[in-house]
Amino acid sequence: MKRIVQKLYFYYFYAVMALLFLLFYPCFFCLLLKQQWHPHAHALRRKGVGWLFALTGIKVNVQQEASLDPNQVYLFCGNHFSELDILILLNSLPVHPVSFMGKKELASLPFFGRLFRNLDITVDRENPQRALRSFKKTMAFLKQGHPLVIFPEGGIYALPPQVTPFKDGAFELAIKSKVPIVPLSLPDSWEAIDNDRMRGWPGKVHLVMHEPIVSKNYTKADLPELKQQVFIIIEETINRFTNASNG
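Under numbering that gives the first Met the number 0, the sequence shown has 93 at position 94, and the numbering climbs by one with no breaks.
By construction, these hints were calculated from the structure, which means they are not laboratory data. You may find that some hints are simply not true.
[What the hints assert, rightly or not] Capping the alpha-carbon separation at 25 angstroms, the derived lysine-lysine pairs in PhoX-like fashion look like this:
(1) 166 - 136
(2) 215 - 177
(3) 215 - 175
(4) 166 - 103
(5) 177 - 136
(6) 142 - 215
(7) 135 - 102
(8) 219 - 175
(9) 136 - 102
(10) 102 - 166
(11) 58 - 6
(12) 135 - 103
(13) 58 - 46
(14) 135 - 33
(15) 46 - 203
(16) 166 - 58
(17) 103 - 142
(18) 142 - 102
(19) 6 - 203
(20) 215 - 136
(21) 58 - 215
(22) 177 - 166
Construct the entire structure; sequences and hints are all you get.
Written out as structure tokens, the structure is:
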């Protein structure tokens with residue numbers, strides 16, 4: 000019986016999200032017409048997620064290890080166990096507006112694709128030339144003062160709570176742009192929305208914002224060290240939550 004309820008909740012969550020998106024879409028359409036209106040589109044996206052969580056019973060518990068400098072640009076790097084991760088960060092990160100880096104396929108989705116192309120950054124991992132252009136665009140994006148979220152696992156894998164080894168891109172960006180990295184741990188988002196098993200359950204999810212790591216003194220040779228440092232911080236936090244939950 001519980002599995003049936005979990006399935007029903009999963010579909011209910013996405014039905015509510017789709018309805019809210021369609022409700023807000025005329026506003027998004029207008030706000031995306033001019034670059035200077037994009038901050039309002041970001042704000043509307045954040046508000047929409049707040050409504051979604053209120054209607055579906057999702058509550059986010061944020062643990063912040065250090066305060067962030069409002070005048071500093073940050074590169075946020077977190078594990079990625081569920082599609083809910085993006086919504087959690089949109090709703091809960093203290094910096095705003097914030098954009099995401101995602102695969103190019105997202106930009107071709109009906110309705111949502113237009114929003115993603117305008118507010119976020121796409122990357123084509125299969126085409127080296129396009130990937131390089133995306134990298135340069137992202138560098139410029141950070142230097143212009145825009146915070147960015149990257150999931151260095153490169154996608155959602157059916158392994159939670161095990162973290163998949165990180166790819167290099169986020170850390171190369173941090174080193175070249177000299178932007179601090181903020182590790183993010185999302186230990187239990189997959190328990191609320193499990194995209195692999197297509198089931199879910201309302202309740203509390205956790206976001207741990209770790210202390211920023213200053214990257215300005217790192218060089219390309221230090222990339223493996225920086226990547227491993229962020230990986231260990233996130234993995235140990237997730238293991239701690241998992242052990243506490245199982246205990």
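Hints and how they fare:
1. A threshold of 25 angstroms between alpha carbons decides the hint, and for residue 166 with residue 136 the separation of about 19 angstroms falls inside it, so the pair holds.
2. Of the supplied pair hints, the one linking residue 215 and residue 177 holds, its CA atoms being roughly 4 angstroms apart against a limit of 25 angstroms.
3. The straight-line distance between the Cα atoms of residue 215 and residue 175 is roughly 8 angstroms, inside the 25 angstroms bound, and the hint therefore holds.
4. The hinted pair formed by residue 166 and residue 103 meets the criterion: a straight-line CA distance of about 17 angstroms does not exceed 25 angstroms.
5. This hinted pair checks out: residue 177 and residue 136 have alpha carbons roughly 15 angstroms apart, not beyond 25 angstroms.
6. Pair hint residue 142 plus residue 215 holds up; C-alpha atoms about 13 angstroms apart against a cutoff of 25 angstroms.
7. Distance restraint check for residue 135 and residue 102: the Cα-Cα separation of roughly 16 angstroms lies within the 25 angstroms cut-off, and the hinted pair is therefore satisfied.
8. Simply put, residue 219 and residue 175 have alpha-carbon atoms about 8 angstroms apart, close enough for the 25 angstroms limit, and the pair holds.
9. Among the hinted pairs, residue 136 with residue 102 is consistent with the structure: their alpha-carbon atoms are about 14 angstroms apart, no more than 25 angstroms.
10. At most 25 angstroms may separate the alpha-carbon atoms for a hinted pair to count; residue 102 and residue 166 meet this at roughly 14 angstroms.
11. Pair hint residue 58 plus residue 6 holds up; C-alpha atoms about 19 angstroms apart against a cutoff of 25 angstroms.
12. A distance of roughly 16 angstroms separates the Cα atoms of residue 135 and residue 103; the hinted pair therefore holds under the 25 angstroms criterion.
13. For the hint pairing residue 58 with residue 46, the CA-to-CA distance comes to about 14 angstroms; that is within 25 angstroms, so the pair holds.
14. A threshold of 25 angstroms between alpha carbons decides the hint, and for residue 135 with residue 33 the separation of about 23 angstroms falls inside it, so the pair holds.
15. Between residue 46 and residue 203 the CA atoms are separated by roughly 19 angstroms; this keeps the pair inside 25 angstroms, and the hint holds.
16. In summary, the hint linking residue 166 to residue 58 is not supported, as the alpha carbons are separated by about 30 angstroms, beyond the 25 angstroms threshold.
17. This hinted pair checks out: residue 103 and residue 142 have alpha carbons roughly 22 angstroms apart, not beyond 25 angstroms.
18. A distance of roughly 22 angstroms separates the Cα atoms of residue 142 and residue 102; the hinted pair therefore holds under the 25 angstroms criterion.
19. Of the supplied pair hints, the one linking residue 6 and residue 203 holds, its CA atoms being roughly 18 angstroms apart against a limit of 25 angstroms.
20. Distance restraint check for residue 215 and residue 136: the Cα-Cα separation of roughly 20 angstroms lies within the 25 angstroms cut-off, and the hinted pair is therefore satisfied.
21. Between the alpha carbons of residue 58 and residue 215 the distance comes to roughly 35 angstroms, so the proposed pair goes past 25 angstroms and is violated.
22. Distance check on the hinted pair: residue 177 and residue 166 sit about 18 angstroms apart at the alpha-carbon level, within 25 angstroms; holds.
Comparing the model with each earlier hint shows violations of hints 16 and 21; every other hint is respected.
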